[in-house]
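*Asks:* Residue numbers (my numbering), protein chains in the order written: chain A, 1 to 290; chain B, 1 to 343; chain C, 1 to 320.
To be clear, the hints were calculated from the coordinates, so they are not data collected in a lab.
C-beta atoms are modelled at their ideal positions from N, C-alpha and C, and glycine is treated no differently.
Any given hint could be a false lead.
Covered by chain B, according to a simulated footprint, are these stretches of chain C (three or more residues, beta-carbon under 8 Å) [said to hold, decoys possible]:
1. 8-22
2. 133-146
3. 149-160
4. 261-274
The calculated EDC-like cross-link candidates involving lysine to aspartate or glutamate, where the alpha carbons are at most 16 Å apart (straight line), are [stated by the list, open to error]:
5. B:K240 with A:E85
6. A:K192 with A:E152
7. B:K240 with A:E86
8. A:K194 with A:D95
9. A:K97 with A:E29
10. A:K101 with A:E86
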Amino acid sequence: MPLDSEKTLKVGSGKQFGAEQAEELVRIEHLSKEYVQRRPLTGAEFTVRALEDANLTIRRGITLALVGESGAGKSTLGRCLALLEEPDSGEIWFDGKNLLKLSRRELFPMHRQIQLVFQDPTSALNPGMTAEEIITEPLAIHREGTKAQRRERARELMEQVDLPARLEHKRPLELSGGQRQRLAIARALALKPKLLVLDEALSSLDLLNQELILKLLADLQRIHSLTYLHISHDLRLVSQFADEVAVMHDRRIVEQQPASELFMQPHDRYTQELLAAMPSLESICAERLA
Amino acid sequence: MTKRRKYRGVLILLAAFHCLILFAGFFAPYDFATQNRDVPFAPPTGLHFVDAQGNFHARPFIYGLKSNPGHPMTLVAEQGEKYPLRFFVQGSRYKLAGLFNVNLHFFGVEGPAPVFLMGSDGYGRDQFSRFLYGGQISLLAGLLAAFLSVSLGIVLGAVSGFYGGWIDAALMRGGELFLALPWLYLLFAVRASMPLHIAAGQVFLLLIAVIGLIGWARPARLIRGVVLSAKERNFVLAAKGFGASDGYVLCRHVMPQTYGVALTQMTLLIPQYVLAEVTLSFLGVGVGEPMPSWGTLLAALQQYYVLSSYWWMFLPALILVPLFLAYYAVADAFQERLKPATL
Amino acid sequence: MRYITQRFFHAVLLLIAVSFFSFALLQLAPGDFFDAMRLNPQISRQTIGTLRSEYGLDKPLPIRYERWLRSVLKGELGLSLASNSPVAPLLRERARNTLLLSGAATVLAWLLALPIGIWAAVKRGGWADRACGLATSTILAVPDLLLFLALLLLAVRTGWFPTGGMASAGVDDLDRWGRLKDVAFHLALPAMGLALATMPALIRHIRSSMIEALESPFLRAARGHGIPRTRLVLRYAFPAASNPLISLFGFSVATMLSASALAEIVLSWPGLGPLLVESILSRDVFVVVGIVMLSSVFLVAGNLIADLLLFASDPRIRTE
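Excised from the complex, chain A in its bound form (with noise of 0.2 Å):
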């Protein structure tokens, strides 16, 4: 299927927000987090570092990709801005609050905001739910409108992301890999948050409905005037989308750059080894620079 000959690289194209001067939307500081976990048989214990002091900024409205290797860490700090995890030290700064300082009650609100779809989808939906009960699930939690309103609102989402109105009633199982993934997005979007934060969401899919959904977040983006933050190991598929990009290596980031400079001419000695692992990417910049 040919590419959208609108939807030219954005890589040094794209949005141009003059990008100091769009505001701050996350910033991330000197984030560290470490897991305890046990040896199988003996029950012995033994620490893993996941982050250690790391920095991130995000920029409000702009699609920031993280990349790295597997096992840096990304998926830790992408939890921690959602809130899954709790980090043991550093701050969160999401639209001017420390989310770390906040209680119970006042981070309740926050999870409207920042939502985070996952790698695997399948394993992200509860399988004896319906495609409509999984939308409206945060909807139910925060209280938003009533039963009517909630199925009303699942419909809109669903119609948001693609999905035919027809598969409201069908369970995960019943649906293809690029529907789940839909299914996903569109839970997310229910609490309209600011923040998406996508966890690896395309690895698990075929090219086309790669194609497909970076489609459909690129329009979701505008329409909605989300901000993205897309965890990924695949640098060639960042190379398509991305604004800026962030590196992260050995639990740290070490470079974090707009899009057009990281691949044109990298800072760090790991971004450039990681650039040359992929002799091709060089050749693509080329060409759609021209």
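Given chain A, put chains B and C in place with the hints provided.
*Replies:* Positioned in the frame of chain A, the structure of chains B and C alone reads:
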């Protein structure tokens, strides 16, 4: 899908059997305590359609009993007067479902000849009637105790698995205590800790409590396992991502994953617990006479002469075999159909 | 080594907890051994009171437990109220008989279950395997009680086996070999019954463990190398299945103990089971506690042995 049809058949038979027990008063021709000392250890009454002259009767009939000239201690059918079997007859009073006083019975025989479908015991009591009434005790005890065990197991296992920490450690250690004793010894020990001679109704409830309470450890462990893996699933995390509280997540997402296991466990425990009650009553530390637990019915077999001469006294035990087979089949079916949905 | 000592301490702690638990449980019950005496008008209340305090039955729970513990350490396990003698010697002989029966039944059961289970696994799916499955399912559904009663009937009717007890009359006249044969003769029926009761579950588990081992990738690779089938099964698959099988052994100790109690009662084998029921009916508290504790010791010991066997056989556990 013949397998499904097979399961359905089994389920229907099982339900029918339970109905029989539930309405014991209606289906039993006699009361469980009615003694008839003239006819001790009578063999099962045969139902005949053809009489001595070779005539066919549509309505089955029975013969009376007399002493067997060859074997002095046994009884045998007396070929003479015919007593027809009638349906929906009036008989002794009983309480239907414990509420209404009725005296309608499914079948019975007019006249002096007793109809012992499963023979009679040393006091001339109808074993069939006692079997049905006994089922109310033994089967009900098993069902209630299994329900108690699994319920307790669900609550403790869920709390243990979901909250972890010291409460998990404490509960699992406690469970180990219960599992460190062979269950029959534990059963005896707990029974021993309760007063020996108490009113019949109380004994019943006590037995259920005892059997049910000691068996919580294994279901709890299983449920805990399910909860442990369920709470790590991404859809639980996603709900937390909306700000859902622990309690909500537990009820809405985690617990439904346990229902399959819980139901299967219960179905597997029922035969075991019925057997526990039967064993206790058999040994005289369960329900006492004249309450007709299946165990007390079998207790007579401890005497050698009963064991070797009166084969029909085995029948209550023999009927347990297909009953348990049915329960195991249903448990198998549950396990297949209610596996937590995964891809 | 650490693993072993850890398991051992764990076992000891568990036993202490069990002792307290069972002791407390039994002392809970209202009434005691001397209640029966109260009905006898010839025994004055005073006498009963004195007897009570003599046995310490009027003291509070912790003191009673402490006195009992001391008695345990002395090797006496408390006092039997019925026979007015220490509990331990009473239990010794009975415990020996129970162990004899359980041991014999275990050996018999495993000796038969292993080849059958392995064979069923090798022939899985075939008619032999399905027949085996049917047989085990049926026997599983037969209550142990019925099984033992049926065997008793067999003994009574045919006279092939003695119907109870451990020794025939006049056994003292026989020499050592004769006495052994006599015991074996009496042991046969209960041991067979017990083995029959516990075999179906064993066969099923052995079969499924073997199937898992037979279908594992490493075994398929071995088959691809052309290793003959018998060798495959015995030298490759069976050792791989040994881990779950040893765990199964530990687990089967518990079921064997419970089943043996019933077998002893029905088939009149003088083990711990009948003594337990007797003392429950007579409220001989310390005997009951002693038996419960002893059975727990057997169970925990059995599991400990299984743990040790696992440690010895499975290298994964040894590497920390």
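*Asks:* Confirm or reject each hint.
*Replies:* So, going through the hints one by one against the coordinates:
no.: 1; hint: 8-22; in the structure: holds (count 6)
no.: 2; hint: 133-146; in the structure: holds (count 9)
no.: 3; hint: 149-160; in the structure: holds (count 6)
no.: 4; hint: 261-274; in the structure: holds (count 4)
no.: 5; hint: B:K240 with A:E85; in the structure: holds (10 Å)
no.: 6; hint: A:K192 with A:E152; in the structure: holds (15 Å)
no.: 7; hint: B:K240 with A:E86; in the structure: holds (12 Å)
no.: 8; hint: A:K194 with A:D95; in the structure: holds (10 Å)
no.: 9; hint: A:K97 with A:E29; in the structure: holds (13 Å)
no.: 10; hint: A:K101 with A:E86; in the structure: holds (11 Å)
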